[in-house]
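Given the sequences, and given the hints that come with them, work out the whole structure.
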Amino acid sequence: MVSTTASAATDWPETIYSLLKQYKVRQVALVPDAGHSRLIKRCIADNDMDVVTLTTEEEGVAMMLGGWLGGARGVLLMQSSGVGNCINMLSLGALHRTPMPMLVTMRGDYGEFNPAQVPMGQATQTVLEAMGTLVNRADKAEDIGAAVEATLKFAYNTYRPTATLIGQRIIGAKTFGKD
Amino acid sequence: MQTESGKLHRRALVGAVLEGRGDLAVVAGLGAPAWDITAVGDTPLNLPLWGGMGGAAMIGLGIALAQPDRPVLVITGDGEMLMGVGALATIAVKAPKNLTILVLDNEHYGETGMQETATRHGVDLAAMAAGAGIKNPLRINTAEDVPALKAAIHAKAGLTFALAKIDAASLPLVLPPREGAVLQARMREAMLGPQAAYE
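Chains as they are written, first to last, in my numbering: chain A, 66 to 244; chain B, 1133 to 1331.
What the hints contain is simulated information worked out from the structure, not anything from laboratory work.
Wrong hints could be hidden among the right ones.
Mimicking EDC-like on lysine to aspartate or glutamate, the simulated pairs with C-alpha atoms at most 20 Å apart in a straight line are [what the hints assert, rightly or not]:
#	chain 1	residue 1	chain 2	residue 2
1	B	1229	A	113
2	B	1226	A	111
3	A	218	B	1331
4	A	86	A	113
Rendered as structure tokens:
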């Protein structure tokens, strides 16, 4: 996973996809986010992955327990606002000791335009940690590969919920045409 | 199996559904469905839930996708299904052929003092399942309806939703193990073999 700063800025979705393959992820649960759109396309095109578009994010937490029971590794892709929907369901990961890696694209973070995104964005790491999730952050594109790999390894090797927060500094803020 | 109310006896129904279950994996929603499957017989292929309300059907989806050759049955209550009712849409889109969702609908929250749920007031979970795109939901009202349900569970020929109207009586508690790591590990070993512990 060696990448230069220049290529990392645009290639990080490909880096994540390669890591999902390397770690034999077979179930990808997601609520779409613009920041994950390239990764989602790659996963949908992969016949060895079951991609499940969720109604709400906590469904993905429950699904990762089911996948693990059946021998399939899972991952949950979502935006930071979706983390708030997951809180109680994360009890399952603590109770059953289930690998539950989550890759979270941040909103309400660096340079946010939409005030509605700020409360959950600022609370994302705190609430994940309150539920026993091990969290790391990547605020530079070249750090994403190492952070995501740590999140996958930590989940599958030590049986618990883990998360990487991908900072808005990388993704950029949506400004609705009003810069 | 029929009670004085004219509705099905929940434990007699669950017992009949699980009789001769073979390699069927069963997820039971928290509360009475977990006590029901345990009363019938605790086994490693049972996952009785103690929490995660609203997640039972999605746990079933995860197992069904991971184990496509094995029949998977989710047994849950009306309150638990209502909390995660959007999962019907999620699951209908994936439509694994080996998954059945059986809702034991007593129209009440049984664990918290028998408060009425929305199904007591006309909300029809079978119609919601049909609206999500799950074809021909089964309505289980008498013992005569059970063989078709069992056939659907084991046929692995299409995603199935079944709604059983059951008597609301609370039955004696029959508690499964509470240690979630044990429940998970024993089911993984039963489905994946002894090497599951080394992953």
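Comparing the hints with the structure gives:
1. B:1229 with A:113: Holds. Residue 1229 (chain B) to residue 113 (chain A) sits at ~18 Å (cutoff 20 Å).
2. B:1226 with A:111: With a Cα-Cα distance of about 15 Å, the restraint between residue 1226 (chain B) and residue 111 (chain A) holds, given a limit of 20 Å.
3. A:218 with B:1331: Distance of about 12 Å is within 20 Å: holds.
4. A:86 with A:113: holds, 9 Å
Going through the hint list in order, the structure satisfies each hint without exception.
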